[in-house]
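Number of protein chains: 2
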Amino acid sequence: MSYNKAPSITAETINPRVKIIRYAPCGEIVKHAARLEQEIEENPASIPFQEIIYCNLGNPQVLGQPPLTFFREVLSLCDNPALMDRDEARALFSPCSIRRARRILNSIPSKDTGGYTDCRGIKCLRQVVADGITARDGFPSTADDIFLTDGATSAINLMMQILIRSHEDGILSPLPEYPLYSASIILHGGTMVPYNLTEDNGWGLEIFEVKRCLEEARSAGLTVRAMVVINPGNPTGQVYQENIYAENKKFHSFKKVARSLAYDENDLTLVSLHSVSMSYGESGRRGGYMEVSGVAANVKDQIYKVASLTLCPNIAGQILVSLAMDPPKLGDESFESFDKEKEQIRSSFCKRAKTLEKAFSGLEGVTCNKLEGALYLFPRLHLPSAAIRAADFEGVSPDIFYAHRLLDATGIAVVPGSGFHQASGTIHIRCTILPDERKIEAMVARLRAFHKAFMNEFRGSQQVMNDLRR
Amino acid sequence: MSYNKAPSITAETINPRVKIIRYAPCGEIVKHAARLEQEIEENPASIPFQEIIYCNLGNPQVLGQPPLTFFREVLSLCDNPALMDRDEARALFSPCSIRRARRILNSIPSKDTGGYTDCRGIKCLRQVVADGITARDGFPSTADDIFLTDGATSAINLMMQILIRSHEDGILSPLPEYPLYSASIILHGGTMVPYNLTEDNGWGLEIFEVKRCLEEARSAGLTVRAMVVINPGNPTGQVYQENIYAENKKFHSFKKVARSLAYDENDLTLVSLHSVSMSYGESGRRGGYMEVSGVAANVKDQIYKVASLTLCPNIAGQILVSLAMDPPKLGDESFESFDKEKEQIRSSFCKRAKTLEKAFSGLEGVTCNKLEGALYLFPRLHLPSAAIRAADFEGVSPDIFYAHRLLDATGIAVVPGSGFHQASGTIHIRCTILPDERKIEAMVARLRAFHKAFMNEFRGSQQVMNDLRR
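Line by line, the protein sequences give chains A and B. Here the first sequence stands for residues 528 to 997, numbered as in the numbering used here. Here the second sequence stands for residues 528 to 997, numbered as in the numbering used here.
In case anyone wonders, no lab produced these hints; they're calculated from the structure. Be aware that a few hints might be false.
Same chains, same names: a pair is fine if it fits in one copy or spans any two.
[Stated by the list, open to error] Lysine-lysine pairs mimicking DSS-like chemistry, simulated, CA-CA at most 30 Å apart:
1. K783 to K885
2. K856 to K897
3. K878 to K832
4. K558 to K827
5. K650 to K966
6. K878 to K546
None of these values were measured; they are calculated from a predicted model.
Please build the complete structure, drawing on both the sequences and the hints.
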């Protein structure tokens with residue numbers, strides 16, 4: 528046997544499915560922003576701004592949103608249960624947090640938060656989540672239907688692993704889309720069957736469009752295994768469970784709607800995912816859950832087996848998701864402060880959403896749907912044809928061209944719409960509403976000045992070219 | 528389009544790769560143990576013991592091992608940074624924990640632990656891990672080579688995703704094995720190329736055996752992409768980084784050995800995984816890291832992209848793994864207590880390992896290799912042929928038959944060796960060394976009584992059958 532010095536892992540020899548996936552929210556724009564950030568540090572005079580404003584990722588706490596005190600007190604006590612036996616703790620923690628931490632610890636056989644748990648999560652926390660869903664929907668949920676997960680992401684990957692057998696299995700999924708879905712479908716060897724959301728109808732889902740896509744996929748020989756609905760729309764911002772700004776909209780779960788229409792477990796298989804990332808900003812904690820309903824026991828056994836391969840979801844995330852589904856109630860010592868903190872965050876989101884929505888809508892050639900919930904705006908740009916040709920000349924799509932120019936001129940990092948598979952022939956950017964209220968006015972001013980200059984530059988060159996043609 | 532009432536997810540239509548994988552440590556024995564546990568609660572008189580002794584999973588804290596105080600103090604402060612500004616905190620936390628928590632929080636741009644981090648983990652924590660590896664090996668490691676992960680498991684899955692293109696890609700992996708490896712290889716569509724560890728040589732790795740397997744795989748048309756080495760051996764218990772009991776053995780990383788032999792980054796691609804699960808018992812926290820060396824920048828970009836799909840590893844796990852790689856040093860206020868707690872755990876492991884090793888070796892027809900490290904014994908059973916026939920009659924392998932009988936008679940839950948792909952024709956069980964010292968004597972007594980009765984029962988029936996034959 529000869530000794531082969533060539534490296535075993537090269538870009539040429541890795542899994543080709545890995546190579547073709549794209550994940551724009553952490554893609555080129557972000558890498559470029561990080562380079563600019565380093566440049567600001569090393570040679571500030573060379574850059575026309577002093578800081579990067581990250582509007583690329585729904586990451587509220589990194590942009591200054593404070594965590595909810597009740598959540599962190601309970602976590603802190605569960606990490607270090609010895610605190611609860613000390614008199615000093617009474618001055619440092621709300622009685623409500625102490626009671627909750629004790630209840631959580633007592634429900635764990637070892638009374639500690641270090642060991643592996645059931646691969647679906649600690650049973651009493653699953654019960655808390657099930658009770659929260661029951662209260663929300665008015666239809667029963669049980670702990671046996673709940674799998675706690677490391678954020679919603681791991682649940683998406685788990686379900687794709689269960690569902691997809693080959694590239695002949697299709698998954699109906701919306702466009703524009705949160706790109707994890709297409710990436711996960713591709714990585715698991717399946718085929719994405721996209722259905723288009725209707726921008727002119729507030730990014731609504733039209734049933735004839737879904738039917739058209741389903742029929743087309745079936746004609747092409749695909750077996751469509753599931754349909755993905757993203758609520759809140761991401762990047763498109765339709766209504767959302769926790770952060771709803773639109774006054775005449777309310778969150779309704781699919782299960783609630785199905786049960787209200789008398790469809791039961793035998794009629795419909797539903798897998799519902801939720802997490803503490805967007806709604807509470809505890810993104811890095813990776814706390815989420817999956818509720819499976821209408822799934823046979825022998826399939827649930829298979830889901831259990833795949834979940835057991837990763838042993839268990841992280842415990843801090845498990846605790847957080849249980850707190851989110853069972854927050855302090857009227858009469859609890861923490862109720863008022865919890866509610867006040869939550870309302871402050873919600874109303875600030877609302878204010879920032881409106882400011883940015885207005886700013887985008889006021890730009891020449893830009894239309895922007897109202898933000899009903901979630902953390903994103905997805906404005907549509909109508910750029911001069913000279914700008915589109917300039918992008919083409921640089922070998923990039925116009926949204927990427929615009930986003931790079933914006934970043935270089937202002938330090939504002941947004942994600943180009945092509946990263947979310949916007950409808951072909953359209954140009955969008957996704958911008959979170961998360962920058963601090965104090966920064967948002969300055970950001971809007973920079974955005975306006977940039978956009979005006981951009982439009983003038985290319986309108987100008989358009990004029991020059993038209994003149995030349997004459 | 529007709530409305531189809533048949534459920535979309537059935538055991539018949541899910542991914543067949545999911546159906547064939549097995550994960551024994553959380554498999555049938557554990558489910559049966561849980562049923563017995565419920566029976567004890569509801570009808571204690573019907574069961575000949577009062578509690579289940581879980582020896583199926585390396586899960587120290589669930590079996591009573593206390594967490595390390597320093598770890599939990601730092602976690603607790605990072606969760607609830609407001610504590611550090613309070614005078615009372617000085618009575619509750621060691622100055623060392625407060626300094627460390629401050630240092631960690633200051634290294635996060637938002638000074639909080641809620642947001643998404645870089646998908647590889649927080650940079651300063653990756654630096655801490657790299658520095659820890661450098662100090663351990665005496666050869667440099669850099670933060671750019673470190674990916675923090677949700678336990679070692681997610682790193683295994685990530686690398687299989689990167690490496691495996693089709694079933695023609697093989698991964699060399701040891702037998703007996705920790706079954707996550709074969710499961711991950713199968714789920715990612717590859718082929719496991721097993722090499723046998725040598726039981727008669729303390730479960731050692733023999734180079735001729737690895738060569739033989741490699742050549743056979745190549746002749747069969749497989750491209751062997753990587754070789755897995757499990758250190759500590761699991762279920763086989765060879766030397767281990769943190770819990771080493773064998774007095775003349777020491778942990779040497781592959782990188783250290785390779786660099787000592789003057790092989791550099793251009794010669795060898797190494798991916799090294801570690802976690803806080805086994806070494807510190809913080810299993811449920813899901814904290815781990817992966818060091819990649821000898822990997823080209825454009826491959827690292829692809830690893831980064833796949834890691835970014837899950838956004839980031841959980842923050843509590845990130846913090847814990849950094850603490851494990853940079854524990855309190857001589858002169859730090861927490862040094863003595865940390866060291867004492869760690870030594871108590873190590874010496875107790877050592878004591879329990881020796882007690883169980885002696886107990887198994889003393890059983891009729893049982894041989895048991897010395898435990899050099901880790902948390903498992905993997906004794907080999909030589910059972911009467913009548914027992915093997917009885918197992919066959921029940922349609923199970925002899926190890927499963929024995930493990931079920933043991934559980935039903937004593938409440939001791941071990942994992943049958945077939946769950947780890949023991950060599951064909953051999954019979955093993957995997958038993959953790961984790962039950963509490965106070966319980967271990969009673970456990971050994973029950974094990975001895977059971978084994979004696981089991982052997983007598985089947986030796987008896989052997990005699991009866993021999994008598995009949997005459």
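So, against the hints stated earlier in the document, which numbers end up violated here? 1, 2, 3 and 6
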